[in-house]
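A.B. asks: Next come the chains, spelled out residue by residue.
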Amino acid sequence: MVASWTDNINLKKVCSEYRVGLWQCPQFLFLIMGIIIILAMLVTYVVASRYQEPELAALTVLVLTAILFALGNLVVKAFEKVALSSRSKSEFISIMSHQLRSPLSAIKWQLSLLLQGQSSKAYSTGNYLETIMQQNDRMIRAVNDLLEVNRIEDNDLILRPQKFSLKNLTSKIIEEYNKYASAYNAQISLLADGELPEVFADEERIGRVTEHLLDNAIRYSINGGKITISLENKENKILWKISDEGHGISPAEQKRVFEKYFRSPSAARYQTGGSGVGLFIAKAIIQQSGGEIGFSSQESKGSTFWFSLPINKTS
Amino acid sequence: MKKILFIEDEEALQRTMGEMLEQNSYSILKALDGEAGLKMAKKELPDLILLDLILPKKNGFEVLEELKKDSATKNIPVAVLTNLEGSAEVERALALGATTYLVKANYKPDELLAKIEVILNHHS
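As they're listed, the protein sequences go chains A and E. Sequence positions in the first sequence follow UniProt numbering and run 1 to 315. Sequence positions in the second sequence follow UniProt numbering and run 1 to 124.
None of these hints come from the bench; they were simulated from the model. Note that this is a predicted model, so its numbers are computed, not measured. Even glycine gets a Cβ: it sits at the ideal position worked out from N, Cα and C. Incorrect hints may have been included.
[As the list claims (entries may be wrong)] Covered stretches of chain E, as calculated for chain A (at least 3 residues, CB under 8 Å): (1) 46–52; (2) 63–75; (3) 90–101.
[To be verified] Using 20 Å as the maximum straight-line C-alpha spacing, the simulated DMTMM-like pairs for lysine to aspartate or glutamate come out as follows: (4) K57/E <-> E245/A; (5) K108/A <-> E35/E; (6) K108/A <-> E89/E; (7) K108/E <-> E85/E; (8) K179/A <-> E85/E; (9) K57/E <-> E299/A; (10) K89/A <-> E89/E; (11) K241/A <-> E204/A; (12) K241/A <-> E175/A; (13) K108/A <-> E66/E; (14) K108/A <-> E85/E; (15) K74/E <-> D47/E; (16) K283/A <-> E195/A.
[Unchecked claim] Some but not every residue of chain E turned toward chain A, in silico, with C-beta under 10 Å: (17) L29; (18) G34; (19) M40; (20) P56; (21) K58; (22) G86; (23) K104; (24) N106.
Only chain E is shown next, with the shape it has when bound in the complex (with noise of 0.2 Å):
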């Protein structure tokens, strides 16, 4: 069973994520925080990492730049999904290294499992 770690505090968003992936039988682990999600990350070295911006502790670009530093994660595909769309983000989030760029309005969790599943294809 592949497993996905989302790091985002809004609780809200981590459930409905959450029962939609375990329904497709993934395994899901889940952060509130920037630090919590390194250190699970670092622990659990998950199939792929889901990955808000705006994060307590630990901010998403902080999060994804350590991770690809560290020679155990810098593997594991990250997709940033958040409600920012700055250019500025976009492309800081990206020359970090992260895999994809989703905003979370513009799609709904079916339509995110199709994203997520190409992404865990792809680095299979």
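The shape of chain A in the complex, shown without the other chains (with noise of 0.2 Å):
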């Protein structure tokens, strides 16, 4: 399809394909400084020739000056946001990648090795084919948080709510992760009321969610420690809190650990892996369910993750 002339013109159209909004908008910005520019030319010269007053003339310039040095400012602001993502992008496209690769090598050579009949009797055929099913799993959890990504930036994301047991997903999923915490040294512990009401929320979603805050709080307990989970009943949501004793997140990343692709550039990115994704996904589901999202951290003392859901239908 060739594109026509009058496409350039459409602002409207050319910055919603960059995802930005006007104000974020290099070519809508570019166009209000020149109508802007235009206009201080003609008042200036209306100004200065007709009523011959050069301090009205000089004050004008000034007004108009300062309004362009405040559009100069968001369209720097705008490169500047486009700069940092299109970095990010090539980063994630980087980390996905080794994401990708570290589970299909895993069973890349797995199957190499029961190929060739090698397989020891220390480790059967059937435990590699189980771990094989494990790193399979892996990966696809890895695809479905890209598609995932792509529905939250097409604001496609349909989430089905129902009654459930917070508690209960909450416990289930600490099952899971007990082995690879404690590869971590990491012990984790669960504090909640008897009596907890009920969510109304996407179950296998806030599930997600609740993994991916537990996989983070793991994985940058990079010297062991506790890490806790409670649960309390407060104003008609629950409040779901975790805490480490990790690595936690300097002053200046904190600003953007909610961000796509985001991971910290410090020591603890080569100390493990990560997606740069769950954060941004954890968000985008626990505020259209309804619910609030944030944070707390310490460097070097540990971080505090928390989210809360309603329990009732809100609407």
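Using the hints, put the two standalone chains together into the complex.
C.D. replies: Below, the structure written as structure tokens:
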């Protein structure tokens, strides 16, 4: 399809393709700047020639220059955003290819060994197949996360809310992660009131959110430590909280943790994997479920991430 | 019998590589994190080290740097074996003194064995 010249002046279309708002869209900002510059020149000309009041002319120029300056600043910010997102995107591709290649290479190595009939008695063919199955699950999860990011970006995330026990869901997930946690010398414990009402949300999606938060807590518990998950009933909402004694997040990085593809460039970068989409997905799911999500963190002391979910249907 | 140390946090990879090396009469030493790997390298002085980059406790770059600083271990050939393939990572590993940089997903264990044997013959 040949793009017609009108496409270039259809700013709404251009800006929506960039997935940025009008005030973050360079094309739109330049247009506004152009209009203001023309206006400024006209007004100055009229004021200077008709009223012969140089102070007023100077003041007008000053005010319009200030507006231009503010707009210029917005343009720089817009470019900065584009530049940052393109950098994170290429970083994301390298991280994601690593995330997919890790299970793929494990599967390849194990299949190759099985095909050569060289598996030992200590680790039977069945054991190998089981590990291959787990690696396969890991890949499916990574691909699902990618699709989820895409859905969120296209505003196409459709939740299927129903009543369920967040406490039961959490204990089930803790059970699945216990072995993984002990490899990092981390112990998970669950604190919850006996009688907690059920929440109204998409159980499968909330399961993924808790998995992402727990996975992060374990990964960044680089020297082990306690991980505590607590649930409490607060004003028609259930508050879910996870605290670790791990690496923590530096103040500069705290602003960016929910950004898509963001991964800390700190030392822990090469100590653990991670796709950089977990918290981005978690935030979108929780917010769309009528809840809130947040965190507090201290470097080398640990982090606490929390989210809340409504008990009743909200509309 | 030549000793090969494999520093890798993914057990499935360690096990597979381990079995293959043992069947080809190498003795294999395994470490699951960077700190343990470094300690074992200094104690056992293996003939070759296979080193992953993303490792708990001490990452692969830190391990490589410390190996090359220590006069006892600096001449042991280190083959970086990872799934990261950014040019920055490859350059950094080679600049720190890695003998070679291999991407796990591109090789089967027997193909890796061939690579390992080339390095071992070259260094002996």
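A.B. asks: When the hints from earlier in the document are held up against this structure, which numbers fail?
C.D. replies: The structure breaks hints 1, 2, 3, 5, 6, 8, 13, 16, 17, 19; every other hint is satisfied.
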